[in-house]
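Undergrad: Each residue of the sequence shown is one higher than the one before, starting from 1 at the first, in this note's numbering.
Just so you know, the hints here were simulated from the structure itself, not pulled from any lab data. In this text, all values refer to a predicted model and were calculated from it rather than measured experimentally. We put the CB at the ideal spot given by N, CA and C, even for glycine. Among the hints, a few may not be true.
Unchecked claim - When the alpha-carbon atoms are kept at most 16 Å apart in a straight line, the in silico EDC-like pairs for lysine to aspartate or glutamate are as follows:
id : residue 1 : residue 2
1  : K10       : E32
2  : K12       : E42
3  : K33       : E19
4  : K30       : E3
5  : K30       : E19
6  : K31       : E19
Said to hold, decoys possible - Distance windows between CB atoms, simulated:
id : residue 1 : residue 2 : range
7  : K13       : N41       : 25 to 33 Å
8  : G46       : E19       : 30 to 38 Å
9  : D48       : Q14       : 22 to 30 Å
10 : E3        : I43       : 27 to 35 Å
11 : V21       : G53       : 46 to 54 Å
12 : A17       : Q62       : 48 to 56 Å
13 : K66       : T4        : 51 to 59 Å
14 : M1        : E32       : 20 to 28 Å
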Amino acid sequence: MMETLIVQPKNKKQLLAVEAVLQALNVTFKKEKSYSAEFRNEIAKGEDDVKNGHLTRVSDVQNIWKSIL
Numbered sequence: 001m002m003e004t005l006i007v008q009p010k011n012k013k014q015l016l017a018v019e020a021v022l023q024a025l026n027v028t029f030k031k032e033k034s035y036s037a038e039f040r041n042e043i044a045k046g047e048d049d050v051k052n053g054h055l056t057r058v059s060d061v062q063n064i065w066k067s068i069l
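Throw the hints in and build the complete structure from the sequences for me.
TA: Structure below.
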């Protein structure tokens, strides 16, 4: 039987303990990092800015500062 468990340790100590138990039981696992809510909100805001045309275009990549300023 194959099942997936999602474990959400609250701190580094819990994470290390869970990893140690899994290793001791020879259970394979993988780590996935998630982004903070604040970061996800910033990305969404940036995407909205682009959709609304609030962006700076670089016309000359060889002279980036001249084309921006």
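Undergrad: Would you say the C-beta atoms of G46 and E19 sit inside 30 to 38 Å of each other?
TA: 34 Å, holds
Undergrad: How does the Cβ-Cβ distance of M1 and E32 compare with 20 to 28 Å: does it lie in that range?
TA: 22 Å, holds
Undergrad: Should the hint that D48 and Q14 are 22 to 30 Å apart at their CB atoms be regarded as holding?
TA: 36 Å, violated
Undergrad: Keeping to a limit of 16 Å between CA atoms, is the pair of K33 and E19 held or broken?
TA: 15 Å, holds
Undergrad: Does the hinted range 25 to 33 Å hold for K13 and N41 at CB?
TA: 29 Å Cβ-Cβ, so the 25 to 33 Å window holds.
Undergrad: Given the hint that K31 pairs with E19, does the C-alpha gap stay at or below 16 Å?
TA: 10 Å, holds
Undergrad: Would you mind confirming whether the straight-line C-alpha gap from K30 to E19 stays at or under 16 Å?
TA: 10 Å, holds
Undergrad: Would you say the C-beta atoms of E3 and I43 sit inside 27 to 35 Å of each other?
TA: 32 Å, holds
Undergrad: Cβ-Cβ distance between A17 and Q62: within 48 to 56 Å?
TA: 54 Å, holds
Undergrad: Taking 51 to 59 Å as the hint, is the beta-carbon distance of K66 and T4 inside that range?
TA: 53 Å, holds
Undergrad: Take a quick look at whether K30 and E3 sit within 16 Å of each other, Cα to Cα.
TA: 14 Å, holds
Undergrad: Look at the Cβ atoms of V21 and G53 and judge whether their distance stays inside 46 to 54 Å.
TA: This hint holds: roughly 52 Å between Cβ atoms.
The structure fails to meet hints 2, 9 from the earlier list, while all remaining hints are met.
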